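Asker: Each protein sequence line maps, in turn, to chains A and B.
Quick note on our numbering: the first sequence kicks off at 2 and runs consecutively.
Quick note on our numbering: the second sequence kicks off at 9 and runs consecutively.
These aren't lab readings, by the way, just hints derived from the structure by calculation.
Fair warning: this is a prediction, and the values are worked out from it, not measured in the lab.
Some hints here could point you the wrong way.
[As the list claims (entries may be wrong)] In silico DSSO-like cross-links for lysine-lysine, where the CA-CA straight-line distance does not exceed 27 Å:
| no. | chain 1 | residue 1 | chain 2 | residue 2 |
| --- | --- | --- | --- | --- |
| 1 | B | Lys103 | A | Lys45 |
| 2 | A | Lys84 | A | Lys16 |
| 3 | B | Lys103 | A | Lys72 |
| 4 | B | Lys17 | B | Lys30 |
| 5 | B | Lys103 | A | Lys79 |
Listed below are the residues making up each chain.
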Amino acid sequence: EAGVAQSPRYKIIEKRQSVAFWCNPISGHATLYWYQQILGQGPKLLIQFQNNGVVDDSQLPKDRFSAERLKGVDSTLKIQPAKLEDSAVYLCASSLDPANTEAFFGQGTRLTVV
Amino acid sequence: AQRVTQPEKLLSVFKGAPVELKCNYSYSGSPELFWYVQYSRQRLQLLLRHISRESIKGFTADLNKGETSFHLKKPFAQEEDSAMYYCALIGGYQKVTFGIGTKLQVIP
Numbered sequence: 002e003a004g005v006a007q008s009p010r011y012k013i014i015e016k017r018q019s020v021a022f023w024c025n026p027i028s029g030h031a032t033l034y035w036y037q038q039i040l041g042q043g044p045k046l047l048i049q050f051q052n053n054g055v056v057d058d059s060q061l062p063k064d065r066f067s068a069e070r071l072k073g074v075d076s077t078l079k080i081q082p083a084k085l086e087d088s089a090v091y092l093c094a095s096s097l098d099p100a101n102t103e104a105f106f107g108q109g110t111r112l113t114v115v
Numbered sequence: 009a010q011r012v013t014q015p016e017k018l019l020s021v022f023k024g025a026p027v028e029l030k031c032n033y034s035y036s037g038s039p040e041l042f043w044y045v046q047y048s049r050q051r052l053q054l055l056l057r058h059i060s061r062e063s064i065k066g067f068t069a070d071l072n073k074g075e076t077s078f079h080l081k082k083p084f085a086q087e088e089d090s091a092m093y094y095c096a097l098i099g100g101y102q103k104v105t106f107g108i109g110t111k112l113q114v115i116p
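Chain A extracted, bound-state conformation (with noise of 0.2 Å):
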């Protein structure tokens, strides 16, 4: 089965500029999860959907990073504007519901802000 896509792979970008990133999950999977991961820390969970519904937003700085899944299928995380401390590994998840699944990794967008 195809896995989760991302894109773009890298991203380079001003501060203040405005970046939005994409993903596409494994199909029939109902969660999709927006992960931040800083170089040298674990994955931080930004936003998690149920279908096209928010379960879980408090770790996203809403001032600045914005999220939609429209339709319930792929989804795009936006940051406007960004800041330098953004700069970091940008991973999309998915898994076929919350509850005690496996999650499905894409490979990344590692986005540098200078």
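We have chain A already, so just place chain B on it with the hints.
Answerer: The following block gives chain B in isolation, referenced to the frame of chain A:
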């Protein structure tokens, strides 16, 4: 609040030696615990989960609720085990928390 602690950022062992990657958690309820692995240039993937009580690639992990631990063990390390290992917890409201990860380096 739920928390996952992996006290070692780097663990180096010789090939054939036993491996134990430590994971401690803080959560008031009954957690679901997982180990994920990331090999060089590959995506993060599930290694094992505590409810299935299985052995994957020779690794096992036992949930110890008394010590709030979920250490990952393997009796004989192999070079291909070199990777980043992350312990993860699913707690209240299905919230997912990852540890900072431990880099396992198996020395030939």
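Asker: Can you list which hints this structure breaks, lowest number first?
Answerer: none
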